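Protein chains in written order, with the working numbering: chain A, 1 to 148; chain B, 149 to 263.
It is worth saying that the hints were derived from the structure and are not from the lab.
Since this is a predicted model, take the numbers as computed values, not measurements.
Glycine residues also receive a C-beta, built at the ideal position from the N, C-alpha and C atoms.
Heads up, a few of these hints could be off.
[Stated by the list, open to error] Computed from the model, here is a short list of chain B residues facing chain A with C-beta under 8 Å: (1) Ser205; (2) Val206; (3) Gly213; (4) Leu215; (5) Glu231; (6) Arg233; (7) Leu235; (8) Arg245.
[As the list claims (entries may be wrong)] Reference excerpt, derived from the structure (chain B facing chain A, CB under 10 Å, subset only): (9) Pro176; (10) Val246; (11) Val257.
[Stated by the list, open to error] Per the computed footprint, the stretches of chain B lying under chain A, defined by three or more beta-carbons under 8 Å from a beta-carbon of chain A, are: (12) 164–173; (13) 236–244.
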Amino acid sequence: MRASGVVELRVPARPEFLQLVRSVVGAAAASGTDLGPDQVADLRLAVSEAATNAMEVHGLRGLTDRVVVRCKLSDELIEVEVADRGPGFDPDAVPSLPPVDSPERLQHESGLGVSLMHQLTDQTIIESGRDGTAVRLMINLRDSAGGR
Amino acid sequence: MLLEFHRSARDPWVVLAIFGELDMAGAPRLRQAVVGEVAGGNNRLVLDLSAVDFIDSVGLGTVVGALRRVRAHDGDLILVCSEPRILRVFEMCDLDRVFEIHADVDSAVEATGRV
Chain A
1 MRASGVVELR VPARPEFLQL VRSVVGAAAA SGTDLGPDQV ADLRLAVSEA ATNAMEVHGL
61 RGLTDRVVVR CKLSDELIEV EVADRGPGFD PDAVPSLPPV DSPERLQHES GLGVSLMHQL
121 TDQTIIESGR DGTAVRLMIN LRDSAGGR
Chain B
149 MLLEFHRSAR DPWVVLAIFG ELDMAGAPRL RQAVVGEVAG GNNRLVLDLS AVDFIDSVGL
209 GTVVGALRRV RAHDGDLILV CSEPRILRVF EMCDLDRVFE IHADVDSAVE ATGRV
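Whole structure, please, built from the sequences with the hints as guidance.
As structure tokens, this is what we get:
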């Protein structure tokens, strides 16, 4: 069964709301698409990465705005947009991590989120400016055979 | 649910079995637990992720930080994990090449043979 529509969440930028974001997006994807459990898990992880970055920037900047998570379903696509009101960043300038066989690698506890989002989705688009960042995570439904 | 731990000793290893979701909400508790163990002189740790339902890059980063911390004290850290979805996240980040990962605690402790 597939459904069309939009599910929107506006959550406080606090880590304890991450689980709610994952649950809602996971439920929308599982009930409104033919995606299989592994694909839904991938989407939940990608969304969690985007929402984590959004909450982190709101926390660092002391922003009280809510983080907006908008899940759009159509016949062809599931798209989840995560929008924050942070000062933006250059997604092409995210530094790469040292090689995993280098002792230096252990000095880095962050820096994996953007790479994971790209790996977990068919397309990830990051639009960032001075008024905020919107991350759009897309999974094509036409060629997904996971649930059939 | 909040991240919870079950602690046991398998001399010379301390096993921390982790229950819950290892994300930005849960990771600080793991960091705190590892800091506490190392401060108490326990720098050979087994982190049992068998009951971890979810891990993301923040959780991975915390596990990387735990490895760095124990190694800084001449210790070591082994992971236990057999859940494909959790393992896959390590693999996607190439961290399966950084950590020694075993399927269960017994094989982890026995395979090391290190004292």
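**Study point:** Broken hints, by number
**Key:** When the structure is compared with the hints, numbers 5, 7, 11 turn out to be violated.
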